[in-house]
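Chemist: Residue numbers (numbering that gives the first Met the number 0), protein chains in the order written: chain A, 0 to 182; chain B, 0 to 182.
Any given hint might turn out to be false.
Said to hold, decoys possible - A partial selection of chain B residues facing chain A, derived with a Cβ cut-off under 10 Å:
1. Tyr30
2. Phe33
3. Leu48
4. Gln50
5. Asp52
6. Gln99
7. Leu101
8. Ala103
9. Asp125
10. Ser133
11. Asp145
What the hints assert, rightly or not - Ranges of calculated distance between the beta carbons of each label pair, as one might list FRET restraints:
12. A/Arg1 / B/Ile45: 16 to 26 Å
13. B/Asp59 / A/Arg26: 51 to 61 Å
14. B/Met15 / A/Thr154: 29 to 39 Å
15. B/Glu37 / A/Gly96: 45 to 55 Å
16. B/Glu73 / A/Gly152: 24 to 34 Å
What the hints contain is simulated information worked out from the structure, not anything from laboratory work.
Idealized CB from N, CA, C, for every residue including glycine.
Protein chains: 2
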Amino acid sequence: MRAAVTCLGRSAEASMNDIAQEAGVGRVTLYGHFPSREALVEAALIRLLAQGDEVLKTVDLTGDPRDALRTLMESGWLLIAQAASVLQAAQAALPPGRIQELHAKPEQRVHDLIRRGQTEGVFRADFPADLLASALHHIMHGAAVDVAAGRLGPTDAPRFVAEMALAVCLVPTAAARPRPAPE
Amino acid sequence: MRAAVTCLGRSAEASMNDIAQEAGVGRVTLYGHFPSREALVEAALIRLLAQGDEVLKTVDLTGDPRDALRTLMESGWLLIAQAASVLQAAQAALPPGRIQELHAKPEQRVHDLIRRGQTEGVFRADFPADLLASALHHIMHGAAVDVAAGRLGPTDAPRFVAEMALAVCLVPTAAARPRPAPE
């Protein structure tokens, strides 16, 4: 398991052979534990998510929901950046909805914060919290694609994801309201 | 090609066999044209994107950039909704960045509109237009995942993507500015 995280962390294309070698076991032994590369990639992602949860657990999310959202997105981004290579392997190996399913715990954290912001009237309540949380998930993981594609610098990324998260969640201003069609 | 769009439109899991049968040709003939299922899925997506471009070409993007963005996102969403099943096949079969690469033409349209909005001072200019356009891409395709997962109703989806696009692009208000940490 540790070998999988190490190898996939070095290269998203690491093969079962590479991982068996790193772990010092034979391919047959490795396949005995994980029936396919997909299963192993999923297990590696689950491990990283559990470690990430230990970090996110310590983030103080009390106080102004806007500040808390900024902090949560920046902390979450650091974890995504560290896990970039494993995440890339997962995006290639797992079905589209699966990665999001595995994020239930961090999603719940974001969801609860959005709900609180909605109750306090700071975040928009015209869409359900789980839909806004999902939009933040897509922005986060989209930003990881943008970094990999060179559109977004790694140092600009935390500010970008925090700003986009706020933009998505804040109550829209008059400028965003649909104007009546001209007569 | 038409058989591929038909079959993948019915089911994202359509196999090479299904498609050969629909086209009334043998598997060998089909493999003669497309060396792999991945190549065929990519070709089907390219075909749908070209058809979509014919539609988007007719959308009037002059006038207030906010109205134009709303219109463009809603039109784009209709195309994505129609192509949902092929897109799902593509998300499973193609590498993560590839789908976005194939969207160069619609992305360019969004990009140009964002640039105009930035020049007119309506859209935020603290991030480059291509990064904002990419965020809209991720929101759009994320919304397609949300619809497939039942988190977003198909009739609410056009309004949701348009609202999210505006939220991302508009100049942020004072409420979104980071506040100084309490002393």
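Chemist: Compare the structure with each hint and give your call.
Modeler: Consistency of the hints with the structure:
no.	hint	result
1	Tyr30	23 Å, violated
2	Phe33	20 Å, violated
3	Leu48	18 Å, violated
4	Gln50	23 Å, violated
5	Asp52	22 Å, violated
6	Gln99	7 Å, holds
7	Leu101	13 Å, violated
8	Ala103	12 Å, violated
9	Asp125	8 Å, holds
10	Ser133	5 Å, holds
11	Asp145	5 Å, holds
12	A/Arg1 / B/Ile45: 16 to 26 Å	41 Å, violated
13	B/Asp59 / A/Arg26: 51 to 61 Å	60 Å, holds
14	B/Met15 / A/Thr154: 29 to 39 Å	45 Å, violated
15	B/Glu37 / A/Gly96: 45 to 55 Å	20 Å, violated
16	B/Glu73 / A/Gly152: 24 to 34 Å	32 Å, holds
Comparing the model with each earlier hint shows violations of hints 1, 2, 3, 4, 5, 7, 8, 12, 14, 15; every other hint is respected.
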